[in-house]
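Quick mapping for you: the protein sequence lines, in order, are chains A, B, C and D.
Taking my numbering, I'd label the letters of the first sequence as residues 1 to 438.
Taking my numbering, I'd label the letters of the second sequence as residues 1 to 438.
Taking my numbering, I'd label the letters of the third sequence as residues 1 to 438.
Taking my numbering, I'd label the letters of the fourth sequence as residues 1 to 438.
To be clear, the hints were calculated from the coordinates, so they are not data collected in a lab.
Bear in mind that the values here come from a model prediction, so they are computed numbers and not experimental data.
Where is the CB? At the ideal position from N, CA and C, for every residue including glycine.
Fair warning: there could be bad hints in the mix.
As the list claims (entries may be wrong) - Below, a list of computed lysine to aspartate or glutamate pairs in the DMTMM-like style, where the Cα atoms sit at most 20 Å apart: (1) K14/A x D111/A; (2) K14/D x E153/D; (3) K57/A x E401/B; (4) K42/C x D313/D; (5) K193/B x D180/B; (6) K37/B x D313/A; (7) K42/B x D313/A.
Unchecked claim - For the chain B half of the interface with chain D, some residues (derived, Cβ under 10 Å), not all of them: (8) S269; (9) G278; (10) Y319; (11) R323.
Unchecked claim - If you anchor each label on the Cβ, the simulated ranges turn out as follows: (12) G316/A x G347/C: 48 to 56 Å; (13) L310/A x D435/B: 17 to 25 Å; (14) N63/D x K57/C: 28 to 36 Å; (15) H134/B x L310/A: 44 to 52 Å.
Protein chains: 4
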Amino acid sequence: MSTNTINIKPAKGKLGVLLVGLGAVSTTFVAGVEAIKKGIRKPIGSLTQMGHIRLGKRTDNRNPLVKDLVPLADLNDLVYGAWDIFPDNGYEAACKAGVIPMDLLDQIKDDLQNLRPMAAVYDKSYCRKLEATHYKKADNKMLLAESLIKDIENFKTKNKCDRMTMIWCASTEAFNTVSDSHKSLRSFEDGLKNNDPTISPSMIYAYAAFKSRIGYANGAPNLTGEIPALIELAHEMGVPSSGKDLKTGQTLMKTILGPGLAARYLAISGWFSTNILGNRDGEVLDAPENFKTKEESKLSVLESILRPSLYPDLYGNLYHKVRIEYYPPRGDNKEGWDNIDIVGWLGLPMQLKVNFLCRDSILAAPLVLDVVLFMDLAQRSGLKGLQEWLSFYYKSPMVKEGLTPIHNLFHQELKLMNTLRHLAGETQITFLGLDYYM
Amino acid sequence: MSTNTINIKPAKGKLGVLLVGLGAVSTTFVAGVEAIKKGIRKPIGSLTQMGHIRLGKRTDNRNPLVKDLVPLADLNDLVYGAWDIFPDNGYEAACKAGVIPMDLLDQIKDDLQNLRPMAAVYDKSYCRKLEATHYKKADNKMLLAESLIKDIENFKTKNKCDRMTMIWCASTEAFNTVSDSHKSLRSFEDGLKNNDPTISPSMIYAYAAFKSRIGYANGAPNLTGEIPALIELAHEMGVPSSGKDLKTGQTLMKTILGPGLAARYLAISGWFSTNILGNRDGEVLDAPENFKTKEESKLSVLESILRPSLYPDLYGNLYHKVRIEYYPPRGDNKEGWDNIDIVGWLGLPMQLKVNFLCRDSILAAPLVLDVVLFMDLAQRSGLKGLQEWLSFYYKSPMVKEGLTPIHNLFHQELKLMNTLRHLAGETQITFLGLDYYM
Amino acid sequence: MSTNTINIKPAKGKLGVLLVGLGAVSTTFVAGVEAIKKGIRKPIGSLTQMGHIRLGKRTDNRNPLVKDLVPLADLNDLVYGAWDIFPDNGYEAACKAGVIPMDLLDQIKDDLQNLRPMAAVYDKSYCRKLEATHYKKADNKMLLAESLIKDIENFKTKNKCDRMTMIWCASTEAFNTVSDSHKSLRSFEDGLKNNDPTISPSMIYAYAAFKSRIGYANGAPNLTGEIPALIELAHEMGVPSSGKDLKTGQTLMKTILGPGLAARYLAISGWFSTNILGNRDGEVLDAPENFKTKEESKLSVLESILRPSLYPDLYGNLYHKVRIEYYPPRGDNKEGWDNIDIVGWLGLPMQLKVNFLCRDSILAAPLVLDVVLFMDLAQRSGLKGLQEWLSFYYKSPMVKEGLTPIHNLFHQELKLMNTLRHLAGETQITFLGLDYYM
Amino acid sequence: MSTNTINIKPAKGKLGVLLVGLGAVSTTFVAGVEAIKKGIRKPIGSLTQMGHIRLGKRTDNRNPLVKDLVPLADLNDLVYGAWDIFPDNGYEAACKAGVIPMDLLDQIKDDLQNLRPMAAVYDKSYCRKLEATHYKKADNKMLLAESLIKDIENFKTKNKCDRMTMIWCASTEAFNTVSDSHKSLRSFEDGLKNNDPTISPSMIYAYAAFKSRIGYANGAPNLTGEIPALIELAHEMGVPSSGKDLKTGQTLMKTILGPGLAARYLAISGWFSTNILGNRDGEVLDAPENFKTKEESKLSVLESILRPSLYPDLYGNLYHKVRIEYYPPRGDNKEGWDNIDIVGWLGLPMQLKVNFLCRDSILAAPLVLDVVLFMDLAQRSGLKGLQEWLSFYYKSPMVKEGLTPIHNLFHQELKLMNTLRHLAGETQITFLGLDYYM
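If we strip away everything but chain A, and leave its shape as in the complex, we get (with noise of 0.2 Å):
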């Protein structure tokens, strides 16, 4: 498997980067990128262009940027594109979530002002507690979709564009599983045709991603990719897909400390997760139905980390409860506090107590860099479907049926940075290392 077989496409001319979505998250992405060409700040959290990686044994020194490993697009050849259903431009947008710093915000406000958004696709009943004023009309769905993939030509042709690639950004859909109209390609373009109501927007932008060959990202806990008519569809275009819910603060703790919990065998009664945030994401997830697509994201990380069904002296009484509280003064500083009750050698309880003040677009807008070029990476090595190796950027990794999903995080992180190896043909690594000893 070290030898590369893989014959990728390089990065030339303009990437243009979609992004469902002008609020905080997309707007911090863009200012930082801007920010960074500019020189004025570093990319702090990204792996793309922070990142080295070890390659060959410990003793070759050998630790490239991973950017000088596998072709990766320039950040000078970025170019944005977004939809949004309010009319704000991005300097607006980036005005009112009030995440980047006054004095910043300035040095890039014409990048952000030339951001202008094009009209949403919108349900409200996806989105209760948002009323949105900037969004296409039409007659059902397949007109919708029809009009983002006109969208996206214009894009491609008027910012002269050689990919593109497409990341949702936007606010957590309101629960939904999958529907007869999900089930195949055909019937999901009946269902568009027909109104189905168990076709959100999400879908419906994907859809338009695939027609148009570009890959779709799912930054939000929403049913989108993992449909079959869209596997179907991204397999029959060859495009990747990946997701799901782009994995940032108490989720984020979650999958570094309960491997760390497991590889030391130590049990856990009980876990109780509380969160509060201030902005549109805390709103919309106030509404019971959005709140519960974001709680199954939520839950299911541990038990794929901990493996209750393996360890049930361990895992198989864990009460694991998980809180998302709206709370305005936080704004978008948002704050985890987590108990976990741990149980040791003879049976005697500790407990480990976790007060994480992060930023939710802080943390997720390098995420949405890395994505979108790895992404940009996958179609050009000619990968396509689901993006397994992508799971490390992910709260709810998809995977192919058959498999379970990989949450524990170091685990996502050797699965991506052997990918890479593997791309570039290199060696993997093991950490086995007893040869040294030989």
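Given the coordinates of chain A, work out where chains B, C and D should sit on it, guided by the hints.
Same frame as chain A, now just chains B, C and D:
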């Protein structure tokens, strides 16, 4: 590397476990093993007893117990010996330590009461805070070593041991650095005869162990197994050596959280760690010279995980401060509080606070069990000298000169697991998994 | 006001303590009193047993015990009665509650075993989560009240009580508001006969108490003692009434911290409080209608302490959110986490986080003792109707119409202490103290 | 005591505020006052500016502003002077302190820039960590005092002050105890002339203030106002003296929480407090001799509040430990973490953890304002010598010999408020309130 060329001797007969120090950790270890044998407790915290190991592909669903993959000593074959500077038997020592609940202690009283410590090697200059009452008197350190060797022989004969291993479970010694006497076996033996003050009690124990052809594991941060003289001796006698400083509590957390933050390329500007603990360990560490030994062990982990030389923008200015505070109200219950100052995208600050209400001996005891069983496995497998694959258990893993130690708990875990797979002739796991999708 | 014009009857003979509910709080209260009487525990947490009171000038050094200043019932004179919706005796109930350590429970087993509950008044609509098995059946609520009155008479005769007092120690009832039936004694008695659904079990207990000329203390946030009908009856019968909702845990902290921040004129923009608890109380509060009762009680304290109408710039925009989460791993150990967003000089933000690992029944039990003894003191002192001076013990102090309740713990404490001084004919303490310097 | 016999002179004309030290606290104080005068900030944190005071009965609804009850200097009448060991003007000093946000600083730049410090009195042995560049040179300490007196006269003339007051806002001096020179005014003046090393800079400032017939407030824990020589001088000159150590941060919390736990008679077995701070204050306190001064001030509060001699069962074995850690990443943002081990009913343990993310200067600045205005009020009211009624503001209130200081924040608050009521001829508030029910 997937074909087993290793011939592991079977784990038949009694395994003698020689404990240096019969305090909280040792008695909790023995109490737990006896409670497990009686079926009144589960071996929570022990990889060798509870751990499953994935073999082959994810879809193979092969997850045997570790102890079914490689031949480990059975708990029923363990017999314990101990040295201590106080004459209390195991039951008395356990009562003073106050770790084990009374109702459990009553059920294993006999097992502990029969464990009477042999007179210890003691040197006041290495442990100023404790006043020993039960120790060997001799004209020089070589005579002390010979006395230990005789103890070992007697123990083996009396208990009909097939194999033995020794592990340091006593308090931290005063700070020490490599001296001329430490640099070769010959100069070391001269030093023993001449009472060189740089030769500490722990070195005398390790010398006695190796001379008796048994492995030595270093559970404390003392300077012991890494001095050239003892590495030379271990190789000469063909025995394994591992260490040092069992990784529990706050440092365990640090090697879980550190890799998590580093995986996300989040910058860290400060990491402040304070500990409060009230047991004998805390009292000993109240002496600056002993704290210094511990501090060095605790401070080094972050540098190795974060690699500021590779990531100067992220970790070049990290201010790392570690405090240990003797606080009697807490007893054996240790508590750590960490404040971590993080910097993310756009240079914006975030904070992470971790409060770990843990119990030192409860976290350490299962590690003692695992280390003992794996040291025995190593010796039966013909692995001699430093056992880097056991880094997983230690705050300051000892490695071959020229290698940098691995502190990342997850890399350590993978190293351990892949070593076990290697010993058993199974394929290395790399988490690549692209083949599922091809 | 410094001359004692109050004639307090002596505390001679037996005092019957009638407990509504024989769960965690009641059994912990009884267990503690019995352990104190046996000399195996100290009365920690009880002002009546431990408290000293300063009299006169600071330089006088007069600090007698409170119980030496005013005549209180002796612990040896207490006899207990109880009603419960389950037939378990005190020992069985204590075992289920899991609050009292086994070794202590063994020493007071007989005292608890002899406490067998009388059949309770039960109404499923006020406590949906519990399925009662031990309750009175009668055609209307007046007959239930009469059955209680008979219970009280029997108890008094059988136990040769000189005096009695009743206290609600059961779970929180469903949310209730003042109805027409509550507005006068006449309409209330009609309601009892007509089975008015707005008359809750707690009201029936209080009615029975007052009709029996004994005081009633309300340990839960139920709507009871403050309805006009019961105020009228208490005055008519000349008995004291106090309440409501024993102040423990997070709200106790809130009435400590709130006054502290207010004393410093620090603005508060948000106060988020979450609680995790796993006992029967937590289970009952998992029902929204019961939580609402508790939430009202918990939310009101800050407004009264901070007075946003007087301080709109400081507290006019305070976002206050309280959550209670049922979390079984915690058992009777309750845990609160508070995040307080403070704004100071120059409008700059600060944060305060409070994590209280407490035990509900342990905090409540000594308050039950104090309230019982002070209610008896009030009755012997001729104080009737609402006892505002006992506000110190309650989350939602009941006050005369037209007065605002005092929630500041320190104002409540001063009110209590100055009332005791007043009852004993001692000078009020004002802390002025300028005379020392004149 | 309710008839006003006190004749308070009106607050007419300019009030000179003489600041010893022009660092973070002083500049934040001045900046805030100027911002308030310009109407761009509210005087959050200041009792004199924001506080209302209840007068009469609760039903009277009389809650005037404090500043409407007693005559206080108007903010528009304040003029500032300062001494510092560095020559930076107020704007430069504020920039270095980094407390005030840049956008605010810009709006008050002129006010701060005009504030140029006079050369300070400096003695390296009292502040080893800072290297002064702007200080008075003279042959003996009496000459230094006379230089200060001249500074004061010049300042008064130049600024046309009607009255003046001095307050120490500089760093903590090295630990000092009462020496022979401190015991009488005569020996003190001899000491000044003979350069007695036990006479610290702060004593020289206070001496100069009193000799100039102006009050001196001690914002740090230095030994100053409580030495007999300076008490004697204050009385002789008829001026007020108050101190010491402005109560902010963790100690503020301690005097809020301590009284709360004590009010409930909860035992405390341990209280561990650690602080991390990164400003100049933290750097100075990194020197053991300066930390000792602070530690004494911090440790004493609990003993006075909890009174272990009266409550040996509750507080006789309290283990109290306080740490201050210099931690540069935190800058002026101070952070305290407290762990409090509580014991309740039945002797069962509970824990309270408090994490206070505060800002030293933001908490201190409004106290400077209040103290300055109240010192001026005291002087106009004829109150001379120690002003115990200002204990509310200090960590270590100075009291008359023979009195124990009051540390309970709420008793301090009542003392302050009742003193104001007394000065204004209003009735003392006792919170008795039984009359509402009679």
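Hints, verified against the model:
1. A C-alpha spacing of about 17 Å is found between K14/A and D111/A, which places the hinted pair at or below 20 Å, so the restraint holds.
2. Between K14/D and E153/D the alpha-carbon distance is near 14 Å, which keeps this suggested pair within the 20 Å criterion.
3. For the given pair, K57/A sits about 15 Å from E401/B by alpha-carbon distance, which is consistent with the 20 Å threshold.
4. Distance hint between K42/C and D313/D is fulfilled; the C-alpha atoms sit about 8 Å from each other, no more than 20 Å.
5. For the hint pairing K193/B with D180/B, the CA-to-CA distance comes to about 14 Å; that is within 20 Å, so the pair holds.
6. Straight-line distance between C-alpha atoms of K37/B and D313/A comes to about 16 Å, which keeps the hinted pair within the 20 Å bound.
7. The hinted pair formed by K42/B and D313/A meets the criterion: a straight-line CA distance of about 8 Å does not exceed 20 Å.
8. Interface hint status for S269/B: upheld, as the beta-carbon distance to the closest one in chain D is roughly 4 Å, under 10 Å.
9. Interface hint at G278/B: satisfied, since its Cβ lies 8 Å from the closest Cβ of chain D, which is below the 10 Å cut-off.
10. For Y319/B, the suggested interface contact is upheld, since its CB lies about 5 Å from the closest CB of chain D, less than 10 Å.
11. Nearest Cβ of chain D to the Cβ of R323/B: about 7 Å, under the 10 Å cut. The hint holds.
12. Taking 48 to 56 Å as the suggested C-beta distance range, the pair G316/A and G347/C conforms, at roughly 51 Å.
13. Between L310/A and D435/B, the C-beta spacing of about 24 Å keeps the proposed range 17 to 25 Å intact.
14. Taken as a hint, the range 28 to 36 Å holds for the pair N63/D and K57/C, whose Cβ atoms sit roughly 30 Å apart.
15. Separation of H134/B from L310/A is about 46 Å and conforms to the stated range, judged on CB atoms against 44 to 52 Å.
Of the numbered hints listed earlier, not one is contradicted by the structure.
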